[in-house]
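Here are the chains, one letter per residue:
Number of protein chains: 2
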Amino acid sequence: MVIITPGQKAAISSQAAAYLENIRHPPLPGLLSPFIASPSRIPNLRLTIGQKLAALEEEHIKRYNLSITETTIADIPVMVIEPHVIAPSNESKILINIFGGGFVMGTPRERAALIMAGECGIRVYSIKYSLSPEVRYPIARDECFAVYRKLVEIHDPANIYAMGSSSGATLMITTLLLARKDKLPMPARLFLCTPAVDLTGAGDSMVSNANRDIMPVALLSAMVRQNYAPADPEFDFKDPLFSPLFASYDATWPPTVITSGTRDISLSSAVRFYWKLRGAGAKAELLVGEGMWHGFNWEVDIPESIALRGAVREFLFSDN
Amino acid sequence: MVIITPGQKAAISSQAAAYLENIRHPPLPGLLSPFIASPSRIPNLRLTIGQKLAALEEEHIKRYNLSITETTIADIPVMVIEPHVIAPSNESKILINIFGGGFVMGTPRERAALIMAGECGIRVYSIKYSLSPEVRYPIARDECFAVYRKLVEIHDPANIYAMGSSSGATLMITTLLLARKDKLPMPARLFLCTPAVDLTGAGDSMVSNANRDIMPVALLSAMVRQNYAPADPEFDFKDPLFSPLFASYDATWPPTVITSGTRDISLSSAVRFYWKLRGAGAKAELLVGEGMWHGFNWEVDIPESIALRGAVREFLFSDN
Numbered sequence: 001m002v003i004i005t006p007g008q009k010a011a012i013s014s015q016a017a018a019y020l021e022n023i024r025h026p027p028l029p030g031l032l033s034p035f036i037a038s039p040s041r042i043p044n045l046r047l048t049i050g051q052k053l054a055a056l057e058e059e060h061i062k063r064y065n066l067s068i069t070e071t072t073i074a075d076i077p078v079m080v081i082e083p084h085v086i087a088p089s090n091e092s093k094i095l096i097n098i099f100g101g102g103f104v105m106g107t108p109r110e111r112a113a114l115i116m117a118g119e120c121g122i123r124v125y126s127i128k129y130s131l132s133p134e135v136r137y138p139i140a141r142d143e144c145f146a147v148y149r150k151l152v153e154i155h156d157p158a159n160i161y162a163m164g165s166s167s168g169a170t171l172m173i174t175t176l177l178l179a180r181k182d183k184l185p186m187p188a189r190l191f192l193c194t195p196a197v198d199l200t201g202a203g204d205s206m207v208s209n210a211n212r213d214i215m216p217v218a219l220l221s222a223m224v225r226q227n228y229a230p231a232d233p234e235f236d237f238k239d240p241l242f243s244p245l246f247a248s249y250d251a252t253w254p255p256t257v258i259t260s261g262t263r264d265i266s267l268s269s270a271v272r273f274y275w276k277l278r279g280a281g282a283k284a285e286l287l288v289g290e291g292m293w294h295g296f297n298w299e300v301d302i303p304e305s306i307a308l309r310g311a312v313r314e315f316l317f318s319d320n
Numbered sequence: 001m002v003i004i005t006p007g008q009k010a011a012i013s014s015q016a017a018a019y020l021e022n023i024r025h026p027p028l029p030g031l032l033s034p035f036i037a038s039p040s041r042i043p044n045l046r047l048t049i050g051q052k053l054a055a056l057e058e059e060h061i062k063r064y065n066l067s068i069t070e071t072t073i074a075d076i077p078v079m080v081i082e083p084h085v086i087a088p089s090n091e092s093k094i095l096i097n098i099f100g101g102g103f104v105m106g107t108p109r110e111r112a113a114l115i116m117a118g119e120c121g122i123r124v125y126s127i128k129y130s131l132s133p134e135v136r137y138p139i140a141r142d143e144c145f146a147v148y149r150k151l152v153e154i155h156d157p158a159n160i161y162a163m164g165s166s167s168g169a170t171l172m173i174t175t176l177l178l179a180r181k182d183k184l185p186m187p188a189r190l191f192l193c194t195p196a197v198d199l200t201g202a203g204d205s206m207v208s209n210a211n212r213d214i215m216p217v218a219l220l221s222a223m224v225r226q227n228y229a230p231a232d233p234e235f236d237f238k239d240p241l242f243s244p245l246f247a248s249y250d251a252t253w254p255p256t257v258i259t260s261g262t263r264d265i266s267l268s269s270a271v272r273f274y275w276k277l278r279g280a281g282a283k284a285e286l287l288v289g290e291g292m293w294h295g296f297n298w299e300v301d302i303p304e305s306i307a308l309r310g311a312v313r314e315f316l317f318s319d320n
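Those sequence lines, one after another, are chains A and B.
Anchor point for the first sequence: position 261 equals 261 in full-length UniProt numbering, and the numbering is continuous, going up by one each time.
Anchor point for the second sequence: position 72 equals 72 in full-length UniProt numbering, and the numbering is continuous, going up by one each time.
Read the hints as simulated data drawn from the structure, not as lab findings.
One should not assume that every hint holds.
A pair holds if it fits inside one copy or across any two, identical chains being indistinguishable in the list.
Here are the computed lysine to aspartate or glutamate pairs in the EDC-like style, where the Cα-Cα straight-line distance is at most 20 Å [as the list claims (entries may be wrong)]:
no.: 1; residue 1: Lys52; residue 2: Glu91
no.: 2; residue 1: Lys283; residue 2: Asp319
no.: 3; residue 1: Lys283; residue 2: Glu314
no.: 4; residue 1: Lys62; residue 2: Glu119
no.: 5; residue 1: Lys52; residue 2: Glu21
no.: 6; residue 1: Lys283; residue 2: Glu304
no.: 7; residue 1: Lys276; residue 2: Glu304
no.: 8; residue 1: Lys128; residue 2: Asp142
Nothing here was measured: the structure is a model prediction, and the numbers come from that model.
Hey, can you work out the whole structure from these sequences and the hints?
Okay, structure coming up:
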């Protein structure tokens with residue numbers, strides 16, 4: 001269970017406090033996580049969490065009146081999410097989404113994709129990459145890159161927006177690193193929601209928020225290490241195409257908005273990537289929610305989430 | 001002693017890690033703070049901490065070749081800190097500083113004032129307001145306001161920059177709230193370093209960083225409650241001129257840069273004030289240092305501090 005004191009409650013909305021009060025962690029996450037996230041138990045984990053989220057996804061599809069079609073791009077399945085009303089200024093734009101879920105679960109029709117389609121009035125191309133442990137690094141990244149390569153061929157890059165949440169942000173950043181290497185164009189803007197840029201596990205918030213966030217660090221770590229990371233014990237977790245904090249960046253990197261919260265295990269990852277981009281001369285903005293957790297902005301009706309999404313839309317679309 | 005794990009160390013500079021490893025907290029801060037910060041012991045606290053800092057202040061005065069004169073403005077003592085070289089674009093500008101120190105200690109020649117004068121090449125007017133417990137709220141704020149009122153009479157407000165650190169930020173914000181009430185002009189830009197905008201003690205970081213920061217929350221709290229806050233037990237800590245988070249803001253508020261760190265007890269205060277200004281239509285930027293503590297940016301040679309100060313200068317002076 002996540003602890004929340006009266007002084008912490010006083011600083012957030014009642015809706016956010018109620019959400020946190022309902023969080024139940026697995027007992028003894030530090031000890032049990034390697035078991036819960038072992039490869040043989042991932043299908044069960046997907047089912048339990050997937051079912052809960054599926055109901056919310058259905059709600060959002062109705063709420064925003066979205067139509068969903070499935071296609072393949074570069075032989076990779078892609079879900080195209082189209083809002084009933086497309087904003088006139090977004091008519092020729094697309095938003096590429098890479099979903100999150102610790103590399104082991106998740107779906108291209110995750111709330112992030114649905115909410116962005118509905119609230120921004122934009123077509124979302126959400127890539128259905130392969131999950132772990134069925135495949136391991138770098139398969140998912142290479143699938144995402146294959147789709148990106150094709151999309152920049154058929155769309156004006158000035159009309160391409162890109163996003164990813166958590167592990168989806170990791171995959172999106174490394175996709176763009178591969179694109180840059182191949183001299184492909186960058187998207188117009190990039191949105192990284194609670195990104196995981198350093199899979200070594202370093203960072204202040206990985207300690208301070210380890211058991212305060214809705215996702216215990218031990219569980220996420222076990223997911224990545226046991227299922228996604230190469231089985232080779234010599235594999236370097238600082239490989240810049242695995243942990244993109246360790247890549248180098250320059251001013252050609254697209255303007256990037258990064259979101260997190262003070263309770264988020266990924267706060268340090270967000271902060272460190274912000275300074276990395278800024279130091280490289282790229283334009284970056286960091287948005288931090290008070291008392292907010294990993295991926296809070298996809299809770300559609302929480303006031304802090306609404307404010308954050310508004311700020312993200314402003315960054316992405318206010319000048320065009 | 002402040003705890004720092006290998007994973008936290010890996011994400012910050014070796015200089016920052018060494019700094020944190022040298023921090024010693026009072027034993028049992030929760031229990032002993034009311035004693036340590038009792039009014040009769042404040043002179044002793046000032047002496048102990050003041051002596052340590054005085055040596056650094058001397059160093060900085062030499063390093064930046066600063067000349068210091070003392071004057072009075074509106075009958076309040078003000079220290080004018082003048083760098084050897086004034087940047088040509090800053091010739092007619094002044095930076096008003098209100099020093100920090102939990103309302104009970106500190107000096108107008110604090111490092112913040114000296115470093116800003118030296119690094120920005122700008123004249124700093126640092127207000128020597130009265131400390132608590134000798135006087136209590138609202139004396140210090142009213143002294144700062146008297147100086148501000150006079151300074152906007154004799155200087156073009158477009159050339160006035162304003163800053164404050166920690167409790168100094170509280171006093172600066174409330175000074176500007178009084179100025180707005182009297183229809184006085186706002187400064188061109190505002191810099192709030194690790195501001196304390198909510199003296200009720202609410203906020204996520206007031207719990208999560210309570211004993212991780214260089215200043216334990218219990219000690220700061222005891223300083224404020226026992227020395228600065230009105231003795232009246234009915235006094236409302238949400239008084240907007242005492243805890244300026246509870247004031248209302250609008251788009252006429254000056255563009256404001258706010259700094260903090262993930263280990264800072266004031267992180268939530270900084271975050272909440274950022275959203276408050278943004279929601280009011282004012283321009284705000286939040287800068288957060290990975291693993292950084294309360295006021296880290298005044299450690300002159302720590303790489304994270306250098307980067308942060310560069311970003312602050314960019315916000316304050318890049319367009320004029």
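Which of the numbered hints are not met once you compare them with the structure shown? 1
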